[in-house]
Amino acid sequence: MKGFIRILESIIASVVILSALTFFFAPSVKSLGWEESNLHLEVYDTLESLYKSGSLAEYVRNNDASGLNSELSSIIKKNIDFSVSVSGIPDNDILIGCVCTDGEKDSLENIMSPREFGYHGRGIRIGVEKTEILQNTILIRRETDVLFFFGYNNLSQYKTQIDKFLAGGGGVFMLADITEDQTETIKSIFGIEWEPGGAPSGNGVFYGNDFPANISFKVYKYFSNMSGDESGLGKFNKGPSVNRIGVDDDTIIIDRNGMFSLAKGRKTGPKGRTVWMADYDRIEGNTSILIKSAVMWSGGEFYRLDPTRKNIPQSTGRAGILVYDMDPYEIGIDYWKIF
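Quick note on my numbering: the sequence shown kicks off at 411 and runs consecutively.
It should be emphasised that the hints constitute simulated quantities derived from the structure, not laboratory data.
What you are looking at is a predicted structure, and each value in this text was computed from that prediction instead of being measured.
Keep in mind that a hint or two might mislead.
Claimed, not checked - Below, simulated DSSO-like cross-link-like pairs (lysine-lysine); rule was C-alpha separation at most 27 Å, straight line:
1) LYS631 <-> LYS569
2) LYS681 <-> LYS720
3) LYS488 <-> LYS677
4) LYS677 <-> LYS487
5) LYS597 <-> LYS515
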């Protein structure tokens, strides 16, 4: 009996000691992220509801950032701020920074004419402004979507600045006939390689535009919609010492002999895009439409649908949904707590 009492006393003493020790240790609580998960579901369900009602696509077609923001604000919690993005279709407002002379700027405006036009029920405007170079620095405005170069330009001296512009989602376009030596200075930007052989033929046709993963697929879609023409694209220069650029999956236009690229795109990183295109006679209308189509692609096919510019934190939640309208695209919402 005494042995049992001693065992019982030991158990009671152990319980008392353990209870006392808990005073010196803070409780460890592991968050299971339920609040974050619920918030994500709420934002996603909001997008899903607006999509099924048809209003989401309507806001995008009308570029109605204020209306969409107002409706989302009435649903999403008041302590949450958000930014809406659209990816997969051209921005409604594309600004080209022309690194060129006044005369070349006028030519680019003529090429882009009409600069306000409709595409699949959406109004699109292409603005053109002259972009200066000061002390080996391109003075790029924050609003610029595409840098445009007329004629060959040795971009190696601006490589660091151009890489930064591309990393931020900008596009670079060069309309130029180029020789083998010139190819070497710009191939890292445009992804072009010189191909030995004869001269390319004058006319060009789309290459690989049957495959949705190819750049030419998107450019062709814009081109055929705006021109209504699926045949010849125009007259390119065909000098024997220029534009012998090899063909690969990034080729947009190929010469009729099927040997050389006359227009070539490239994706750089997650956002940046570049286009090199052989020069032409500036008379053929379809070729001008081709340039406009390539500008629409090189502009990034990504924009913010917010009524005012927002400072988006580095760490945010995100919900997105695919919208199947006349063109498929993604609507995304980046969201974060403000209090």
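27 Å limit on alpha-carbon distance, applied to hinted pair LYS488 and LYS677 | violated, 38 Å
Please work out if LYS677 and LYS487 have their alpha carbons no farther apart than 27 Å.
-> Between LYS677 and LYS487 the Cα gap is close to 37 Å, so the pair fails against 27 Å, i.e. violated.
Going straight from one Cα to the other, do LYS631 and LYS569 come out at no more than 27 Å?
-> Roughly 31 Å separates the two Cα atoms, so the pair is violated.
Verify the proposed pairing of LYS597 with LYS515, using a straight-line Cα cut of 27 Å.
-> holds, 25 Å
Is the straight-line distance between the alpha-carbon of LYS681 and that of LYS720 27 Å or less?
-> holds, 19 Å
Hints 1, 3, 4 from the earlier list are contradicted by this structure; the remaining hints agree with it.
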